[in-house]
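Student: Sequence:
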Amino acid sequence: MLLDLLLGDPKWLYRLVPHPVVLIGRVIGMLDSLLNRQTLPRGRRIAQGVLCTAVVVGSFGALGAVIHHLLAELPFGWVLEAILASSLLAFRGLYDAVRAVAAGLAESLAAGREAVGHIVGRDPGSLDQAAVARAAAESAAENFSDGFVAPVFWYLVLGLPGLLAYKAINTLDSMIGHRNARYEAFGKASAKLDDLANLIPARLAGLLMVGAALVLPRASGGAAWRTMLRDAPRHRSPNAGWQEAALAGALGLALAGP
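Numbering (our numbering), first residue to last: 1 to 258.
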């Protein structure tokens, strides 16, 4: 965690070797092209999606086990494992991205829209200043769990195999877990597995936000707790509502609305 906070993702390194998530994405893209045939019946496409999910998660989980075993044989293998694990956390990257939105809004609405476009999935072209700020806050809340709390949780529970398996699950959901004509059937398994993998971490992330709100001077821990318990179950996502509701209550904002 300290390495991630200090270094983030060193761009010079990933110009030399691909980021682990990039490798995961390439495998998913290859299997998507190979298995996701639009002409197949829906049931067959669901089955193909299950196969894709199992292959990706199983392969990278197994890769994590092999890497851990090999590094354990080296005198300072734990240092190399720590560096690899830190590359799979995204707290520093999330902080930098949200700070860039704030800096962009301070400059102009157009700059704020451009910055928030890097961290949200929708077109920011029609967003006003308040909507840009809200989109950044929502993205920060959700990615605090997906990019930091959940990877740390699975690393503590299952070690490097669990961490790589989780990143595979999360990347699968990002790439094929969409509710559209191409992925509704093929991505169903990955979306459900992502919901399951984030069930505990998302709630832990909400509690961490409540805890932070208790000690930060301009936040309300009590409001964060009450809002989280009241509004999290109403969210369209089974997991994202816990962090978003806690952040909304802590800062006195309205998030995740229409």
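These aren't lab readings, by the way, just hints derived from the structure by calculation.
The C-beta atom is built at its ideal place from N, Cα and C for all residues, glycine as well.
One should not assume that every hint holds.
So the derived label-pair ranges between C-beta atoms look like this [what the hints assert, rightly or not]: (1) L214 with Y95: 13 to 23 Å; (2) H235 with D128: 43 to 53 Å; (3) F76 with L156: 16 to 26 Å; (4) R44 with R179: 37 to 47 Å; (5) G77 with R179: 20 to 30 Å; (6) K192 with D123: 41 to 51 Å; (7) Q129 with G58: 44 to 54 Å; (8) A212 with A106: 17 to 27 Å; (9) L70 with V22: 15 to 25 Å.
Student: With reference to the structure, classify each hint as holding or not holding.
Tutor: Against the structure, the hints:
{"no.": "1", "hint": "L214 with Y95: 13 to 23 Å", "in the structure": "holds (20 Å)"}
{"no.": "2", "hint": "H235 with D128: 43 to 53 Å", "in the structure": "violated (23 Å)"}
{"no.": "3", "hint": "F76 with L156: 16 to 26 Å", "in the structure": "holds (21 Å)"}
{"no.": "4", "hint": "R44 with R179: 37 to 47 Å", "in the structure": "violated (19 Å)"}
{"no.": "5", "hint": "G77 with R179: 20 to 30 Å", "in the structure": "violated (42 Å)"}
{"no.": "6", "hint": "K192 with D123: 41 to 51 Å", "in the structure": "violated (27 Å)"}
{"no.": "7", "hint": "Q129 with G58: 44 to 54 Å", "in the structure": "holds (46 Å)"}
{"no.": "8", "hint": "A212 with A106: 17 to 27 Å", "in the structure": "holds (24 Å)"}
{"no.": "9", "hint": "L70 with V22: 15 to 25 Å", "in the structure": "holds (21 Å)"}
This entry does not satisfy hints 2, 4, 5, 6, going by the numbered hints stated previously.
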